[in-house]
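Colleague: Listed here are the chains, written in short residue letters.
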Amino acid sequence: MSLWEPFSIVAVLPTGDRLYSRLSSIARRGRPPRWREPPRAGGDAMSAPILRAEGITHAFGSLVVTDAVTLTLAPGERHGLIGPNGAGKTTLFNIIAGEIVPEAGSVHLAGVNVTRATPDRRARLGLARSFQRNNLFTDLTVRENLAIACAIAHRVSHVAWKAFARHREVHESAEAQAAALGLGEVLDTVTRHLSYGTQRQLEIALALALEPKILLLDEPTAGMSPEETAAMQAMIAALPATLTLLVIEHDMEVLFGLADRITVLDYGKVLLQGEPREVRDSDVVRSRYLGTQ
Amino acid sequence: MTGKRTMAAALAAGLLAGTAGAANAQSSIKVGVLLPFSGVFGGLGKDQAAALEMGFDDLGREVGGRTIELVKADTESKPAAGLAQVKKLILRDKVDVVVGIISSAVAGAVRDYVHGSKTPLIITNAGNDALTGEKCSPWIVRTSFSNSQINRDMGPWMAGEGYKKAFLMAFDYAAGHQMMDAFKAGFTGAGGVIAGEAYPPLGETKDFGPYLAKAKAADPDVVYVFFAGGPAIKFTKEWAAFGMKDEVQLAGAGWLNSALYVKKQGADAVGTLGALNYYPSIDTPENQAFQAKFREKHGRDASEFGVAAYDTVRLIVDALKATGGKTDDKAALVKAMHDVQFTGPRGPFRIDPQTNNVIQNIYVARIEEMGDSVGAVIKHTFPNVQDPPNGCTL
Amino acid sequence: MPGRDPLHLPAAAALVVAAGAAWYGGDFFLHEVLAEIAIFAIFAMSLDLLVGYAGLVSLGHAAFFAAGAYATASFTVFLGWPAPAATVAAVGCAAALAAVAGVFAIRVGGVFFIMITLALGQMVYAYFFKAREFGADDGMAGIPRPDLAALGLDAAEPHVFSALTLIAAVAVWVLLLVVVRSPFGAMLVAIHRNESRVRALGCPVQRYKLAAFVLAGAIGGFAGSLIAQHTGFVSPDLGFWTVSGEVLIMVIVGGMGSLVGAALGAAVLVLLRHELSDGAFWEAIGLSADLASYWQFVMGLFFIAVVLLAGDGLYGRLASIARRGRRLRRRGA
Amino acid sequence: MLLEPGFLIVQTLNGLQLSMLLFLLSIGLSVVFGMMNFINLAHGTLYMVGAYLALSTVRWFDSFWVALALAPLGVALIGALFYAVLLRHMQRQSPMRQVLVTFGLIFVGFDAVRMVWGVLPHTIPVPETLAGRVYVLGEVYPAYRLFIIAIGLAVLAALYAGLERTRLGAVVRAGVDDRTMVAALGIDVERAFFLVFCLGCWLAGLAGVVSAPVFSIFPGMDMSILILTLIVVVVGGPGSLKGAVIGSLVIGMVDTYGQVVAPEFARVTIYALMAAVLLVRPHGLFPVRRTH
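These protein sequence lines map, in sequence, to chains A, B, C and D.
Just remember that the working numbering sits 49 ahead of the position in the first sequence, which is counted from 1.
Just remember that the working numbering sits 6 ahead of the position in the second sequence, which is counted from 1.
Just remember that the working numbering sits 1063 ahead of the position in the third sequence, which is counted from 1.
Just remember that the working numbering sits 429 ahead of the position in the fourth sequence, which is counted from 1.
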C-alpha cells in the first residue's frame, strides 16, 4: 500500500484478490490470514538472502512436479537453474514469480513472506521476470512498451488526471532504457514488426525497466540464432553486478558462462547445488543430464 | 474537413427527419391512440386498435363538421417509451384526447404528465386501482375496469356458494396483489379462510409445477387466481396435468379464460369459474349485434379488450356530440363524458364522476362445453358495480 | 494508445452547430431527441471506458443506469432533495454498487465477465421489479428537474433541459478524455492488450480494473440520474438486459475505444430507434407501417453488419476516411 | 407443509425435469465454449425456434412425434447455416466479436419469430400416449414430465458414451484441453467444432420441442431460459460434461425449491448462488484444466 499515494482513486479501493483470498481461506480453514505483511526481517542486508524458496512442494493431480526444493540466493548472486524437461524448472519458476501458489513451502523475498502474494506485489517488492515465450504489447511501439513499464516503475501509473504525455520523466527514462539496451534504433517500431531476437531483448528490457533487485530470466536465448545468442549473453553479462539473477537455460554453455552457482533439478528434486565447475565435474549430473543432451 | 461535414450532415438530417410532419389541418379532431403495437402486450394493443377502428367506422368519423383523425403511437409495452410517446402526441401532434394504455406500468408513467398537461386521457385497459383511487385525476377517465372492481364481489359470492378454504395465486406485481387483496377482503369477511398464497415472479416463471405442488399441499376448497395471456394458457394446462382439476375448484379473475384463448385451452378449462366485466356470451341484443359485426370483420369472437375500446369510441363520440364537436374547453369535454350513458355490449355503461372509473356489471361465468368447443356461460351478474372513492377526491 | 482521435475537432464543431440550431430553431420533439442522445452518449461513453479501453465487455451496464435513476427518484421524491443534490448522491450510490459488484465481476475475464455482468443487470432489474418501496413494477413518478430560476431559466422547458444534458455530456467527455489520456488510462489499455505482462510489471491489475469499473458505474449512474429527470419517471425496465444490450450496441456501432465514437453510436441508435419505430418512416419508403413494430429486427441486422463489416465501428470508418483524406491532401500539397 | 412427503416427491420431480431441460441446453453451449472459447448467446433463440418449429410441424402433421424428429433437425440446420454464413468467416477474429454477432441475432430472432408466428402465446398438446398421469410413490404426476426427465437421461447417457467411445468424442475431449495441440496432430478441429456446434443446436431444438407441451410458446421465452443456461455453464465450469450435469441439477433444484420455500428471494437465489460459486471457485465447480 505504501507505494500508492493516499489520494489515488486506485489506492483507496480494496483489492479483489485480497478480499477473495481472505474469504476463501475463511471458507477453507475458518481462520483469516494476516492482512498485513510481517515486519521486514532485520539484520545485515548484505548477508541476508534476497530470495529464499524453502521446501517448495507442488503437484498437478498425482504428479509431484517439485518436491521439497530449497533455493537461496544472496544479493548479487547469479544463479542458474537446469534440469531435463519435466524436472520442474518452470513450475518452480512460476512459484517464485507468483503465478502458482505451492502446496507446501514458502517463498521469501528480501525477508518478506510472499508465498501467497500476487505477481504484481512481488514485482513491487523488486522481483522482475521475463517470459519464456515473448509476452509483449505487440501492437504498440518499443517506446510505448517501455513507457508502460517505466510508468509503473516511476509510480505514476495510477495518476488519472494528468496526461501521460506530460509525464516527461517517464518517457525520458523509457528512452534511456532503450538506448542502454541497444533498442534506441527501433524506438518507434511497432513491436510485432521487430525480429525475434530484438523482441527477446525488449522482453528483458521491460523487466529491467522496473529497476528490480532480482531478475528472473526464463530461457533468455530460447529459439535464437547463434549471433543473437551471443548478443543476449553480452547483454546479460553487462547487467549491473548488484542485480541478482535467476536464470533457467537449456544452453549449458550459456549458463556456465554467466552463473555463479547452479541448481540441478531432476524429477522435482534438487540433484545438486554448487558452482559451475562442481556441476560440470559431477558424475551424477553428467549421467543424468549432460549425457542425455 | 470531410469528416466534419459528414458528421454535421448526418446529425442534421437525422434530427430533421424526426421533426417532419407536424401539425396542419386545424379543423380535424385529433385522437391520440396510445397502445403497445410491439413488446409483450403487442397483441392486445392490436386487438384494441382494431376495435377502435371498427367503433369509428360504426359511429362515424365526423362530429360537428370536424373529422376525427386517429394518431397512433406505440408504447412498446414499456413505461419510458409510453411516456415519450404521450409527450409526442400532446406536444407535437397536438391531439385533443388520448385513448389507450394496456399496461398499468405505462399508465403510471404517463399519469403525472397527462395530469399536468390537462389533456383528457381515456384508459382502455390498465386496471391499477390507484389510477382512479388515490392518484386519480380530473383528466383521466377509465372505461375498462379497476383491479378490485372485478374481484371484490367474488369473495362473498364464493363463500356463499360453500367454498370455505381458498388458496390464492397471482404473479408478484401490483395488479396481482390488488386482485388477490380485493378477493381476500370479501372472502374472509364472509367467513372464508385463506389456506395459503403464492406469488410467482412475473415474467420469470417458466413452470407452474412448483407452485401447484404448494397449492396442493395446502388442501384448499378453491384456488383463486389471476393470470392472463400466455401464463393463463399454461396455468390451465398444468392445472389439469397435475390432476388438480378433479380435486379442487379453480376460480379467478376471468382473464384466466379470456375469449382470446379459451378455445385453445379447451377441455382443460371446463369447470373454471371466472369474474369479468364482459363475456362474449352475454345475451343482450346490443352484444349480439356487436359480436356479429366483429365476427364478420375478424372471423373470431370479440374479447373484453375489444369491447372496452369499442365502448370508448362511443363515449368519445357521444361526448363530442354534446359539446357540438368543440374540443377547446377540455374540462367541458370531460364533463360531457360524465353525462354519457348507454347500454353497450357489456351492459349499462357510465362514468362515475366521483372517481372517473366506469360503473358496469361484473359477470360470473363458468367455462362449459359448447358443441365441439368451449365457452363461458354466465351464472351470475353483479349489477352496476361502482368503486368506492379509495382516496380519490374529485 | 488512446488519444489519437482525428475527428475530435469536427465532432465538437458538429455538436456546437447542432446545439446552436436546436436552441434557436428546434421544436419540442427535436429537444426531446437531443436530450435523449446526450444522456445515452454519457451512458455509452461510460461503458466505452470499460469495453473499449479496459477490454471488459459488460452486458449489465444498465444496472448502474437503473441504480442512478432510482437513487435520484428516491432522494427527490422521498426526501425532497433538490435534483442536483440527488444527482450527486445517485452517482455515489451507483459507484458503491459498482464497487461491490466489481469485486465479483473483475475476478473473471472475457466471456465469463459477459455472463457475470448479464446476471448482475438482471439481479438489479429483479430487485427493483419486486421492491414495493420503490413502486415495484409500476416504478416511481414525479421526479423534478433542477431549479434554474436563479439563471432565469426553467428546466422544465425542453430546450433548456436538452441544453443542460448536452453540457453534461461535454463535461463527461472531457473528464473521460483526461482519464483515458492519463497514465491510468494507458494502463487500462495495456491491461486489455496483455494482462499477464502488466501484472508481471508490478501493476495491481485487479485494482485498476475495479477502479475503471467503479468510474464507469458512477458515470453510468449519472446518466441514469439524468434520464430520471428527463422522463420524470423511473421503472425497472431501465435495468433490463435490453438496455445493457442497446448501450453496448451503441459503443460497438460507434467504435470501441473512442469516446466520440461512443457518443456518435448513441446518436445513431437513438435516431434509428425513433425512425424505425415510426410507421410514417416505413410508409415514406413505400412499405407497410406495420413494420414499425419490428424495428428491433432491423437494428439487430444493422448491429451484426457493423460487427462484421466495420470492426472498428462507424467512427473508426469515418476516422480512417478522414486520415486518408488528409494524406491525399498532404500528397497534393 | 414443506416437509410433507407428497410435496417433496412432486417438487423433486419438478426440479429434476427443469434440470434435464437445462442440461440439454447447457451441454452444447458448454462444450462449444470449451473448444472455441466462444459462447453462443443466441442459444436461447434456437430453443425458442425449436419450440415454434414444433408448433408448425404439429399443425401440419398433427403428430408430436414427427415434430420431435423434425424440429430439432430444423434447428440444427439453422445452426449449420449460421455457422457457414457467419461464424466460419470469423474464426480468426476474436471470440468476443463472434459473441457479439450472436447477441445481435437475439434481437433478430425475437422479431423474426413475432413476424412469422405472431405475438400471442401458443401451446401444443401433449401427445396422446403421454397425456395421462402416473402415480409416483403415491403422488399424481403428469406422465409427460417424466418423459422429459427420461429424454434428458437418455441424452446424458448417449453423450457420455459418445465422448468416451467415439473418435469425435476423443477429439472433442482433447480439443477442450488444448486446441492448438489437437490441430498440430493434423486433426481437423474445425470439422469437429462444426459437428459439435450443430449437435449443440440440435439439443437446443430438442429442448424447445420437449418443453413446448409444458411451457407456453411465446416470443421472449428465449431470454429467460438463456440466463438460466448461462448460469448453469458458469456454475458448472465450461467445457465439462460433469459440470453441465451437476450445474443443471444444482440450478434446477435450487430454482424449483427456492421459488416456493423462499418466494421473497425467488428472483435472486440463483444469482446469489452463482456469485457464491464464483467467489470460491472462479472457474466453476468443475473447471477444465487447460494446458497452454
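By construction, these hints were calculated from the structure, which means they are not laboratory data.
Since we're looking at a predicted model, the values are computed, not measured.
Quick reminder that beta carbons are idealized off the backbone N, C-alpha and C, glycines included.
There's no promise every hint is true.
[To be verified] Here are a few chain C residues that sit away from chain B, every Cβ distance over 12 Å (derived from the structure):
id : residue
1  : Leu1142
2  : Gly1143
3  : Gly1172
4  : Ala1204
5  : Leu1238
6  : Glu1258
7  : Phe1296
8  : Ser1298
9  : Ala1373
[As the list claims (entries may be wrong)] Computed footprint of chain B on chain D; a stretch qualifies when at least three of its residues, placed anywhere within it, have a C-beta under 8 Å from a C-beta of chain B:
id : segment
10 : 527 to 539
11 : 565 to 573
12 : 586 to 598
13 : 676 to 690
Colleague: The structure should be examined with respect to each hint, and the outcome stated for every one.
Modeller: Here is how each hint holds up against the structure:
1. Leu1142: 19 Å, holds
2. Gly1143: 16 Å, holds
3. Gly1172: 28 Å, holds
4. Ala1204: The claim breaks: Ala1204(C) does not keep its Cβ more than 12 Å from every Cβ of chain B (closest is about 5 Å).
5. Leu1238: 22 Å, holds
6. Glu1258: Check passes; 34 Å lies beyond 12 Å.
7. Phe1296: For Phe1296(C), whose nearest Cβ neighbour in chain B is about 5 Å away, the distance does not exceed 12 Å, so it is violated.
8. Ser1298: 4 Å, violated
9. Ala1373: 14 Å, holds
10. 527 to 539: violated (count 0)
11. 565 to 573: With 4 residues close enough to chain B, the hint holds.
12. 586 to 598: Coverage by chain B is violated here, the residue count being 0 at a Cβ distance below 8 Å.
13. 676 to 690: holds (count 4)
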